[in-house]
Amino acid sequence: MEVKELVRAIDIKAAYTLLNESKGSKVMAGGAWMKLSVKSVDKLILLDDLDLDYIKEENEFLEIGAMTSLRTIEMHPAIKSLSSGILTKAIKSIMGVQVRNVATIGGSVMGRFAFSDILGALLVLDCQLCFHGLHEISVFDFLQMPKVPSDILLSIKIKKSSEKGYFHKVSKTHLDFSLLNIAITKNELFKIAIGSRPQTATLAINTANFLNSQSEINEDTVKKAVEIACDEIKVSTNLRASKEYREVLLKTYLTRGLLEVIK
Amino acid sequence: MKINLKINGQSRQFLIEPNEYLLDVLRKNDYLSVRRGCDNTSCGVCTVLIDNKPVPSCSVLAARCENKEITTVEGVEKEVEKLARYFGELGADQCGYCNPSMALTVYALKLENKNASIEEVKEYLVGNLCRCTGYIAQHEAIMKYLGDES
Amino acid sequence: MKVVNNLTHSIDGMGIMKGRKAFTDDFAEKDTLIVKVMRSPYAYAKILEINDSEARKLEGIEMVLTHKDFKRIPFTRAGQGYPEPSPHDKFVLDEYVRYIGDEVLAVVGRSDEICDKALSLIKVEYEVLEPVLDFETAKDNPIVIHPENEIHEMFDIGFQPKRNIAASYAMEIGDVKKSLSECEYVIKETFYTQAQAHVMLEPHTVNARMDYQNRLCIYSATQTPFHVRRIISQGLEIPLSKIRVIKPRVGGGFGGKQAIHGEMLVAYVTYKTNKPTKMIYSRKEVFESSYSRHPMRIEMTLGADKDGRLKAINCEGLSDTGAYGEHALTVFMVTGSKVLPLYNKVDSVRFAGDIVYTNHTPAGAFRGYGAIQGNFALESAVDILCKKMKMDPILFRQINMMKEKETSPIFAIMGEGTAGTAMIMETCKLEECIEKGMALIGWKDKYPRIESKDKIRSVGMAIAMQGSGIPYIDMGSATIKLNDDGFYNLMVGATEIGQGSDTVLTQIAAEELMTTVDKVVIYSSDTDLTPFDVGAYASSTTYISGNAVWKAAKELKEKMIVEAARILKTKVENIDFDGKTFMNRASNEKITLVDLSNQITYSHEQKQLQVTSSYVGHKSPPPFMAGFVEIEIDKATYEIDILHYVSVVDCGTTINPMLAKGQVDGAIVQGLGMAHFEEVIYGANGKLISSDMLNYKIPTRLDIKKLTTVFVDSYEETGPFGAKSVGEIGIDTPPAALANAVANALDVRITTLPVTSEKIFKEIRRINDEK
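Chains as they are written, first to last, in this note's numbering: chain A, 34 to 296; chain B, 5 to 154; chain C, 17 to 787.
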């Protein structure tokens with residue numbers, strides 16, 4: 034990666050201004066993926082001095098600073114108890130400890146990686162992204178934006194919940210990207226996200242609506258819900274798996290996941 | 005640009021380019037135990053410790069390491085000796101290209117979780133690939149090392 | 017035995033883990049030129065014009081090398097016995113590029129960055145040619161991949177470049193057609209194997225400098241330093257005497273370093289400029305621009321009589337050597353010669369096929385070397401036949417397989433590139449291997465499968481054989497000298513590449529000299545300092561080089577006894593030596609080894625005691641093994657969990673039982689990689705897509721749950737202290753064992769490697785659609 038200039042931002046405002054000054058500016062979070070995906074940067078902005086590496090526990094919320102490493106998040110006890118620990122599970126399945134020590138939650142969100150395991154988990158948790166310019170926005174709305182906003186992500190706020198959750202990733206080896214991942218939470222309402230389809234994670238809204246409209250959830254309603262999901266969620270073929278095989282994975286693990294959360 | 009690093013307890017100053025990775029800076033300056041394997045964080049061979057945490061030095065910009073404590077195997081020789089003895093005893097040595105990086109990762113695990121189970125050992129080290137040994141003998145050796153109170 | 021077959025730590029593990037300077041790049045000069053290669057973006061093209069004037073002007077660029085800089089001397093990069101059985105079909109640089117990743121030109125500059133900059137400034141105009149990407153259409157294709165006239169074979173290997181044939185081979189014993197027509201049961205199946213990548217963790221690395229005697233001194237991460245020296249000398253017309261090749265510690269080879277890589281360019285630049293030069297392959301270059309395993313199509317026809325006796329084998333192969341023919345013939349021959357003799361009671365056996373050129377990354381040597389491909393086909397086919405006969409596959413093997421004191425006519429007919437050598441199996445403990453393996457995996461309780469709600473557990477197995485060096489071709493030698501203070505130097509051309517040969521050879525010397533391993537200081541390998549050895553390949557080091565060491569140790573011992581007899585004034589027959597002291601049995605007078613060595617070094621009738629011995633095998637005693645796998649398959653997704661792999665191995669005496677176990681464990685996991693994990697993906701234009709470690713997945717430490725590796729008692733009379741080889745045998749069984757386990761679980765036969773969940777899913781869907 035070619036870097037013409039490296040700037041350590043002195044405060045968030047400065048970082049925001051630098052980023053929006055010219056098209057050739059980029060923020061570096063952990064940097065591991067950037068090395069592989071970016072050829073040249075005019076101005077590389079570092080957020081290392083902005084104290085964005087923290088996990089704060091409030092009464093209702095957990096707030097994770099954008100520059101917090103995945104490893105720190107995965108080891109945090111409060112995160113482990115969020116919805117059966119689905120965020121911990123999603124993070125633990127990413128690469129090795131070395132990478133998770135440098136990769137940050139901010140980078141994982143802003144990259145909007147198609148293969149991301151984290152985005153699915155965040156989609157089904159009750160959480161907001163806190164930006165410098167945009168202020169608060171849901172993960173779902175963030176993923177709907179046609180382009181990644183030219184903004185500085187400051188933190189992620191997650192509503193505390195001991196609701197039941199399910200996360201499952203299918204991959205060929207323990208260091209591989211997902212062929213598919215599924216995240217489910219059930220509080221009063223169901224939320225279901227499917228990722229690495231191979232497109233970026235998305236919510237199965239119709240499926241969740243169907244389940245949420247049922248007075249009782251049993252094996253039959255789960256079966257029906259899975260049918261709706263297979264219709265609703267588009268999967269396709271890439272190097273790692275075919276569309277047809279992804280459909281099997283979706284059907285199988287959505288069924289298993291739903292049965293687990295209603296247990 | 006100049007950076008100040010503390011490598012194995014010794015303060016060093018290097019002249020670097022803004023896009024240089026820690027791996028290249030270390031090798032250029034004769035820290036030859038740190039090696040390149042895959043270029044993209046997939047193999048673990050370039051592992052060093054930054055503030056006692058294992059990181060892939062192939063993908064960490066040196067410029068971001070200002071005033072950080074970097075540890076290579078040369079910095080923890082006593083621990084490495086102990087681990088190497090168990091590797092020898094259990095036949096866990098083969099080509100050894102990855103062994104310094106493995107030793108550092110095992111040492112970091114010991115600092116974090118001395119009582120790690122064998123499953124925790126495997127999870128912690130999954131980013132350290134080995135194409136020679138089939139891993140099993142390594143796990144036996146690492147468990148013995150973690151249990152060694154001496 | 018006190019040292020051999022006892023617990024001995026690897027002699028170098030401690031220093032290696034401490035990160036001591038050991039590997040090739042650790043010895044590169046500080047101020048060195050860097051070589052970087054421009055790689056072809058086309059699968060097949062002719063270079064019309066190269067505009068490098070801007071690049072040459074760059075500050076820090078020393079030279080730009082194109083095909084015009086090199087005399088047209090065809091050679092093979094394969095590190096094999098000379099003359100090589102591989103076609104001489106490669107030029108240092110050529111005006112044709114034959115695969116995506118092939119060498120177009122090279123830039124030489126003072127840093128990586130300058131070289132990258134120079135590469136970006138060079139414009140190359142190509143005439144893009146249509147490539148041959150499907151190896152099944154390569155033979156007699158109107159597109160000819162090697163149209164040039166200078167290329168040639170060294171002796172008859174069936175080289176027909178105008179037909180895209182790099183080599184071909186055929187042999188038949190008996191009349192297969194006739195035998196098959198008399199069989200009660202006949203099955204025929206076609207198998208495909210993929211271009212597995214070695215993924216040794218140290219990339220291909222080489223550096224060179226002119227030394228103070230004005231000789232070219234090369235450090236190379238190679239398995240074959242002596243072959244490297246010869247190939248460079250021939251390819252660049254540098255006198256052999258001017259070249260020194262040093263092989264430092266090598267970070268894994270698996271056959272991938274049994275051919276030259278950057279050596280030719282680096283040697284050329286240093287010889288021409290007198291400046292130090294180095295080249296390190298990027299990981300992408302290791303995948304895309306070195307060598308893979310030969311992908312093959314193997315058609316296997318088996319015929320048996322009504323009692324389940326195997327009567328005939330017809331094995332027809334087609335092997336894809338990619339753009340160049342390194343190891344083309346010999347890998348293919350091993351597919352027959354180290355596989356088909358497993359079933360030696362047949363009336364007839366035929367083995368034939370072509371090794372064709374395509375516009376893909378070249379194939380080359382890789383642990384298993386044809387045997388793993390053949391084993392997958394044969395051992396899968398045996399289970400298919402058993403299913404048809406409704407016969408227990410273990411019983412079938414017990415009836416039909418090779419047994420001790422038996423032979424196969426194939427040994428005499430098929431060698432590697434040449435005729436073979438007849439031999440009797442003096443050691444073959446396959447029966448015991450199978451029996452022990454069945455017990456260790458719990459076969460009787462688990463075969464064929466156990467079903468639960470969502471999962472099926474099943475077991476599968478395969479047997480295998482390998483060789484121990486190539487008879488009458490592979491030569492190893494060793495020099496041992498006695499030093500003052502009574503310790504020894506052992507100099508070997510044998511090539512430690514991480515497999516532990518330095519430790520094993522030291523143990524052999526120490527055992528014979530009745531001393532401890534710390535008293536034997538080994539050095540390998542350096543073409544100036546160590547005696548000749550073909551290198552680390554063909555499962556030859558323990559058997560061939562080990563025999564050379566053993567012989568040298570015995571001879572040195574005799575020489576020491578002569579000196580002791582002289583000093584103690586008696587006949588040699590009266591001398592007893594226990595490793596430390598020489599005693600005159602007649603007079604009880606003694607002299608210690610320390611005193612003797614000090615005396616002959618410094619004070620009286622001074623001389624250097626030193627012996628060099630060589631060994632060439634007269635046979636290649638095969639190690640044998642039985643491999644058993646237990647898996648769990650998800651009934652809905654067909655995801656496979658590999659629960660346990662049991663290997664029971666007959667490799668003769670294990671010189672170092674822990675390292676031998678390490679060889680088998682490592683080979684099993686590499687074999688399971690080929691069997692299940694390692695998919696090779698090419699794009700439609702011929703580009704290798706699985707060309708980095710994000711997209712080519714080798715097994716991690718969480719992917720294989722349990723390995724059990726045991727050795728049966730066995731003593732090979734011709735091996736050092738009874739040893740046969742153990743380096744390759746472990747890789748052969750996993751593909752067939754896994755495919756058989758899947759068939760036992762689901763009644764689905766996967767015939768294309770790797771056996772993936774998605775392939776099982778598609779095959780089951782296909783079967784259901786047909787119904």
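Be careful, since some hints might not be right.
Lysine-lysine pairs mimicking PhoX-like chemistry, simulated, CA-CA at most 25 Å apart [unchecked claim]:
| hint | chain 1 | residue 1 | chain 2 | residue 2 |
| --- | --- | --- | --- | --- |
| 1 | A | 193 | A | 180 |
| 2 | A | 68 | B | 32 |
| 3 | C | 133 | A | 37 |
| 4 | B | 6 | C | 535 |
| 5 | A | 284 | C | 651 |
| 6 | A | 180 | A | 56 |
No lab work stands behind these hints: they were computed from the structure.
Against the structure, the hints come out as follows:
Our distance criterion of 25 Å between C-alpha atoms is broken by residue 193 (chain A) and residue 180 (chain A), whose separation comes to about 29 Å. A distance of roughly 20 Å separates the Cα atoms of residue 68 (chain A) and residue 32 (chain B); the hinted pair therefore holds under the 25 Å criterion. Straight-line distance between C-alpha atoms of residue 133 (chain C) and residue 37 (chain A) comes to about 15 Å, which keeps the hinted pair within the 25 Å bound. Using a Cα cut-off of 25 Å, the hinted pair residue 6 (chain B) and residue 535 (chain C) is violated, with the two alpha carbons roughly 49 Å apart.
Taking the CA atoms of residue 284 (chain A) and residue 651 (chain C), the gap is about 13 Å. The hint holds against a cut of 25 Å. A hinted pair counts as satisfied when its Cα atoms are at most 25 Å apart, and residue 180 (chain A) with residue 56 (chain A) qualifies at roughly 14 Å.
This entry does not satisfy hints 1 and 4, going by the numbered hints stated previously.
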